[in-house]
Amino acid sequence: MPELFSFNLIHSDEHARAGAFQTAHGLLQTPVFAPVGTQATVKAVTPAQLIELGATLVLSNTYHLYLRPGAELVAEMGGLHQFMQWQGPMLTDSGGFQVFSLAASRKVDAEGVTFKSHIDGSQHRFTPEKAIAIEELLGADIIMAFDECSDPDDRSYVEKSIERTHVWAERCLKAKTRPDQALFGIVQGGIYPDLREKSARFITGLDFPGYAIGGLSVGETKTQMHEILDMVDPLLPVNKPRYLMGVGSPEDLINGIRRGVDIFDCVLPTRLARHASAFTSQGRINMMNAGFAHDTEPIEKMCGCYTCTTFTRAYLRHLIVAKEMLASTLISIHNLYFLVHLVQQARQAIMEDRFQPFADEFLAHYNTKRK
RNA sequence: GUGCCCAUAGUUCAAUGGCGGAACGCCUGACUGUGGAUCAGGAGGUUGUGGGUUCAACCCCCACUGGGCACC
91 MPELFSFNLI HSDEHARAGA FQTAHGLLQT PVFAPVGTQA TVKAVTPAQL IELGATLVLS
151 NTYHLYLRPG AELVAEMGGL HQFMQWQGPM LTDSGGFQVF SLAASRKVDA EGVTFKSHID
211 GSQHRFTPEK AIAIEELLGA DIIMAFDECS DPDDRSYVEK SIERTHVWAE RCLKAKTRPD
271 QALFGIVQGG IYPDLREKSA RFITGLDFPG YAIGGLSVGE TKTQMHEILD MVDPLLPVNK
331 PRYLMGVGSP EDLINGIRRG VDIFDCVLPT RLARHASAFT SQGRINMMNA GFAHDTEPIE
391 KMCGCYTCTT FTRAYLRHLI VAKEMLASTL ISIHNLYFLV HLVQQARQAI MEDRFQPFAD
451 EFLAHYNTKR K
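Quick note, the working numbering runs 90 ahead of the 1-based positions in the first sequence.
Hints were generated in silico from the structure; no laboratory data involved.
Do not take every clue at face value.
Once the Cα atoms are required to be at most 30 Å apart in a straight line, the calculated DSSO-like pairs of lysine-lysine come out as [stated by the list, open to error]:
| no. | residue 1 | residue 2 |
| --- | --- | --- |
| 1 | Lys288 | Lys266 |
| 2 | Lys220 | Lys206 |
| 3 | Lys220 | Lys197 |
| 4 | Lys264 | Lys312 |
| 5 | Lys133 | Lys413 |
| 6 | Lys133 | Lys206 |
| 7 | Lys312 | Lys288 |
| 8 | Lys288 | Lys133 |
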């Protein structure tokens with residue numbers, strides 16, 4: 091068994107990488123897409139279904155689990171793996187993003203963030219030390235540093251924000267005590283290349299077993315995202331995994347892998363599924379559309395997922411219109427399978443030195459909505 | 001059989017003589033380190049039918065059709 095947290099870069103095809111990251115719950119083949127299970131569940135999907143559709147890494151969330159049911163309770167139940175019955179590699183976000191995107195109100199200072207719960211309005215405070223303590227109680231294999239994800243467009247704020255994030259990163263490292271969890275540092279800097287470079291140099295100067303790129307896919311354009319990824323890529327060490335947080339769409343995964351990203355997570359496939367939108371190789375389709383009422387085809391003909399090998403579009407549309415919860419489950423299974431397999435195919439293409447044509451062909455057929 | 005009431009968008013209802021609206025539903029779209037939340041846009045009307053009064057009728061009058069209630 092490889093040393094814990096070792097990253098074996100198995101093969102590269104230009105910037106695209108195929109690797110393997112050793113966690114306490116198994117060897118993680120990269121690139122990899124992680125379904126998001128915010129509240130210790132990937133919404134509408136059971137762990138058995140996650141395994142069947144090919145998921146290998148699941149993300150869960152510090153902010154939510156701290157508020158409900160409480161990190162101590164999860165620890166009492168034997169930790170997050172045992173609690174939610176996911177025995178594979180798991181990752182927890184630090185709560186940095188959620189404090190900024192969900193909390194009713196918040197006050198940031200040099201030491202941490204005071205915020206109000208979106209559930210009951212109660213007041214709480216996260217510091218780097220507190221976030222790490224919670225993540226240690228939860229017990230995921232990869233834990234994230236407590237960072238500030240600010241408005242990517244506000245330069246003067248981003249300047250102050252990355253300074254805070256950098257100090258907090260050091261404090262997270264110092265606060266960490268468990269040897270079986272890999273703490274990843276997070277590069278911030280909004281849409282500003284010079285700030286991204288500054289952040290990347292600082293964060294990679296600290297000894298993390300992996301690095302994340304945060305603060306993207308929060309409203310910037312695709313072009314801006316690609317620019318940042320292109321310039322951050324050479325600043326990150328080749329022998330450690332890179333995690334692009336919160337991304338993404340099928341085209342974002344391909345474009346991220348092309349720029350050296352190893353790990354992705356995103357709520358998109360499951361959220362879209364709950365709103366009846368399904369991925370296909372041609373682009374997204376809305377399964378609620380009246381045109382599918384009599385459609386005897388599966389969502390996608392060549393798809394090997396449980397949903398596509400079993401059910402028609404007409405049936406799925408019926409479930410959606412009737413507001414049956416099975417609709418969410420079946421489309422979630424399809425969307426997750428689609429992304430997990432897209433990334434697995436990308437990995438295979440990298441191994442065989444044909445990633446660029448693979449990526450070009452996929453992007454040529456996939457109808458992208460957002461530019 | 002007699003009397004009274006009612007009939008407006010797919011549905012439930014507004015509009016009382018002066019440009020026919022709302023809610024829900026329906027049809028589209030959005031959603032990126034998750035609020036199964038939500039948001040945005042669109043279509044939809046010979047105002048039950050036929051007459052009449054009026055410059056002008058969903059609105060007033062008459063008949064008819066259909067529905068409801070009460071009494072025989």
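Against the structure, the hints come out as follows:
| no. | hint | verdict |
| --- | --- | --- |
| 1 | Lys288 with Lys266 | 24 Å, holds |
| 2 | Lys220 with Lys206 | 16 Å, holds |
| 3 | Lys220 with Lys197 | 16 Å, holds |
| 4 | Lys264 with Lys312 | 36 Å, violated |
| 5 | Lys133 with Lys413 | 16 Å, holds |
| 6 | Lys133 with Lys206 | 24 Å, holds |
| 7 | Lys312 with Lys288 | 22 Å, holds |
| 8 | Lys288 with Lys133 | 37 Å, violated |
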